[in-house]
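Chains A and B, in that order, give the protein sequences.
Sequential numbering of the first sequence, starting at 1, is according to our numbering.
Sequential numbering of the second sequence, starting at 1, is according to our numbering.
Honestly, I wouldn't trust all of these hints.
Claimed, not checked - Quick list of the computed label-pair ranges, beta carbon to beta carbon: (1) A:Ala258 with B:Gly226: 51 to 57 Å; (2) A:Thr62 with B:Val139: 29 to 35 Å; (3) A:Gly18 with B:Leu159: 34 to 40 Å; (4) B:Leu106 with A:Phe165: 52 to 58 Å; (5) B:Leu135 with A:Lys68: 40 to 46 Å; (6) A:Lys68 with B:Gly226: 53 to 59 Å; (7) A:Ala258 with B:Ile33: 55 to 61 Å; (8) A:Asn196 with B:Leu135: 31 to 37 Å; (9) B:Gly150 with A:Thr62: 33 to 39 Å; (10) A:Glu125 with B:Lys184: 26 to 32 Å; (11) B:Phe155 with A:Val70: 54 to 60 Å.
No lab work stands behind these hints: they were computed from the structure.
Where is the CB? At the ideal position from N, CA and C, for every residue including glycine.
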Amino acid sequence: MSATPILSLKSVSKHFTGYRALDDVSLDIYPGKVLCLLGDNGAGKSTLIKILSGFHAPTSGTVELNGKAVVFNSPKDASEAGIATVHQFGGTFPLMSIGRSFFVGVEPTKGWGIFKRFNKKLANETAVREMQSLGITRVTDGDRLIGGLSGGERQAAAIARAVHFGANVLILDEPTAALGVKEASHVLRIIMQARNKGVAVVLVTHNVSHALTVGDNFAVLIRGKKADDFAKGQRTREEVTDLMAGGEAMAELEAELATLTGAIPIVE
Amino acid sequence: MSHTTTNSTTAPTKTLAGSITGFARRPEFGALIGALAVYAFFAVAGGAPFLAPGGSASWLNVASELGIIALLVALVMIAGDLDLSVGSVLAGSSMVLAISSGYYGLPTIVGILLAIGFGVGVGVINGILVTRTNLPSFVVTLATNFAVVGLTLGFTRLLVGSTAVSFQADPWAKFLFGELIDGKFETAIIWWVIIALAVGWVLYQSPWGNWIYAIGGDVVSARAAGIPVEKVRISLFAGSGFAAAFVGVLQTCLYNGSQVAMGQSFVFNSIIAVVIGGVLLTGGYGSPIGVILGTLTFAIVNQGIYYTGWNADWASLILGILLLIAVLANNSFRRMALTGGDTKSKGKK
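Only chain B is shown next, with the shape it has when bound in the complex (with noise of 0.2 Å):
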């Protein structure tokens, strides 16, 4: 089989069989399959309401606010680290806008620029802390969650004496953050696009993207060809602060108001909307692509249960099961992925 030269003189022609098998072995191709066969189930078992506009609506607004959490969150996993403050960073940057723009009246700009550095911060602490001390960055995300929802419920009480803060966005912002479109479709969609572009960019077209794979796969060789290993991971978790900061905006817009208790769901939601979409779990491999098919497949599901007349206790269980079997699936794609050369010869038997 290895006497197969000839291969380097003849042009290798695309064939359908080809780029089908081709397909198959990016990192997406799992989390496709997953996505079209819950889209499927639901439309089935939720029939006529779940393929209306407003049952599209439902899955979607969950799955922007997640996505765009998901995306960013994505890119610290591939970089072989884990965020799990995100969770608090959402509600802590929901409650400085809330509280700065919505109790102490300042401009809107203001309190949302307050916000987006509140989340920034936490996650450049987080880098520093993480590249620093060569702690887990497990422990160390763990670790500032917990510590900034005590931050957030402690400092939201002193101030206002309350731990629910309303605030009436100024109509640019309600219109570009906080609209329902139709009535039914959050602005978030619009924003979760923009996000998506911008990580393709960052992960397929910079030089960064190279890098991040490279931090992921192996650090030490990373840091041996010359890569700013340390700049690199402190950004990345700036941006994972950025991205779930973001969505409290978007939230705190949408509902006028913030609650202290709000967004822990999106801490291990978005993990599973990424290992889903089939990131490696331990760096070095995945896609934008796949984690947006990801967070669609945890949305429908998380929402599609509501149009079938189950209990919605149900859903628990099906994204239990879907993540295992993602992470199985996963495995034996990038199985294939591995031995990418041998499936043309295969294929030529």
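For reference, chain A alone in the conformation it holds in the complex (with noise of 0.2 Å):
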């Protein structure tokens, strides 16, 4: 990898009282790349993109950005920095329009003084170009709500507020495990758009097709652990599989399950 990562984990750990979430993770994070993060439930997925987002603070090991030490005390810092989240189901304000939401924060306004108002159609029109610029087609009118979109629209529309507001690194904390086949099509498409822009994703799946489509470069969770990271094409989907169920064989239970489930007749 020739270029600087822009995010970078430095041997960072998590402790909470009783267990350890996270042990000893380096990651670098690269623009125009997506990285998957890839881990069983309880893998310490959660736990890594909340120190990403400045929600945690690492109890050891350092986070950088563009190769500088930082400390994230909130949110808000780490949006500050040009970093992101989405999380599963996107847009927030279900019954606020998708020019409202948008801008949410961050109203655009018209006027001077007593007079300056919020600027309705510059944010209806903002919000559905960069919503349309994604390839949402369907949505022509800002004043709809945001709860009235499918799943993988308000996806979209999370998305394109982030890249809109000059995210450098987009996190997505599993966008597509509340989807269904063709809805989660179009936000992996989306990511790519999101990368061809130069933005640094990181995509959190336990979704192993949806991230080997998408992905330049893995890491692999196993309690806490970086278990294995590796670039696209160095691994096959079966291994992928098999280190995400805790390293044991997947093979061996999908075949005990097919046994009983009388997809393989038991050979007495």
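Join the two chains into one complex using the hints; note that each chain is given alone, in its own frame.
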């Protein structure tokens, strides 16, 4: 890898009372690349993204932004540094319009003095344009409510918002988990579009095929430790699945399951 | 259906049917139907006296006093809180005005400013308590409602030795706050219009409106988006405190005095008006036009009953049923709003 990472974790650990959620994890995140963070439930993926997005401070180790050590005291610090996090359900204000929720906290205004007012036209047009630039052509009216969008469109709205406000690092927490097959493909396409705009994407998922479709680099977490990291094409699908399941041979488990379901006749 | 990508290239033409379904998706739609329905009902049941200027004045007067409070309580509720202290704030500030300007003879303007300051002060205390303790505003404002009732009663007896104080406002104050236009219409109606315009401006035109909706929708995300959540919530409580105090001033000027027991009906009546007006009890949704319509609905039922010749006891029954219908209807209208885009394609079938 010739480019320099935009965001790095150096031997980061996070201990909560009683257990080690993360243990000595190092990661490099590059602009214009998708890093897939894989792991089973409870492997430490959420803790890791909470450190990246400023919700938690690491117990030990450092976070480096463009090669310089940084400390995020709050999510606000992280977002000011250009790190945006999009959660599973995307837009979080279901009863607000697309245009209004796009600009929450940074409302564009027009006019002067006491006549300064919310520029709804600009807000709606910008929100719709940004969503359309990510290929969501079905959305043409910025007055529609976020809650009326499909799951994939909500993800798109949240990603469009992050990209519009200049996010350099986009953290996506299980963006496809709650989506149907087609919707998930739309979101994967949007992830690739964000990547092609030069954004560094961290994709957290436990769906191996989604990860292998869009990922450039991969890291597998098992019980708080980084079990493996590799670049695209270095591992087969089966190897990745086995790793995620905690190193157990998934093939054996699957064979046993097949026997029980009757897919393979039991040899007496 | 999802392949209708041509939609994006052709500009959406506004048809009559389109704008009707568009309006049906707005939060005030249910409230408009409700207001028109009760007006029509009492126009028939009440006949000419209800439709005469005197009949209109009777419900407009009730609506204007309630409406001023309901509009600012609505902002509190859209941000996801409740304010149950408006009743005692109304009585307390009314008593502040009557005692300072009536009993002690201070200039009317001083009494009015003290009364408004009292209301805003209680609101700020509500806001600080709610944001600092993270207790539900329901409990905090219920507590301040009781506390202020006790405070008002105690101090009034202590200072005046009675529970009613008379007060004669200066002519300018009487003209502005306590005049009956044409012998029937309270000046509160004009104040209601002014305050409605101001609240509409805040909610729809200022960035604050966006913040209020966002805080009511999801307070964690609102904070993450950089909205000064505490400042906004405290200001909104100060706003409902102001409204209650202002109505206290209006009533004191109109009725030439104050009684410690006044105002308590406003606590639940304001919530009823706001909810009939389509504001979501859990916050994040609602409109000032809806609240105005909800207030009118309430006032028409409350006063219309006197023109029917029936016992006025039935008014509460009608209001209770209306409230239930309103909440159910608003739920379905909101579901319609959420399926926003799909009604368009459905309409093309």
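Which numbered hints are broken by the structure, listed smallest first? Going through the list in order, the structure violates hints 2, 3, 6, 8, 9 and 10 and respects the others.
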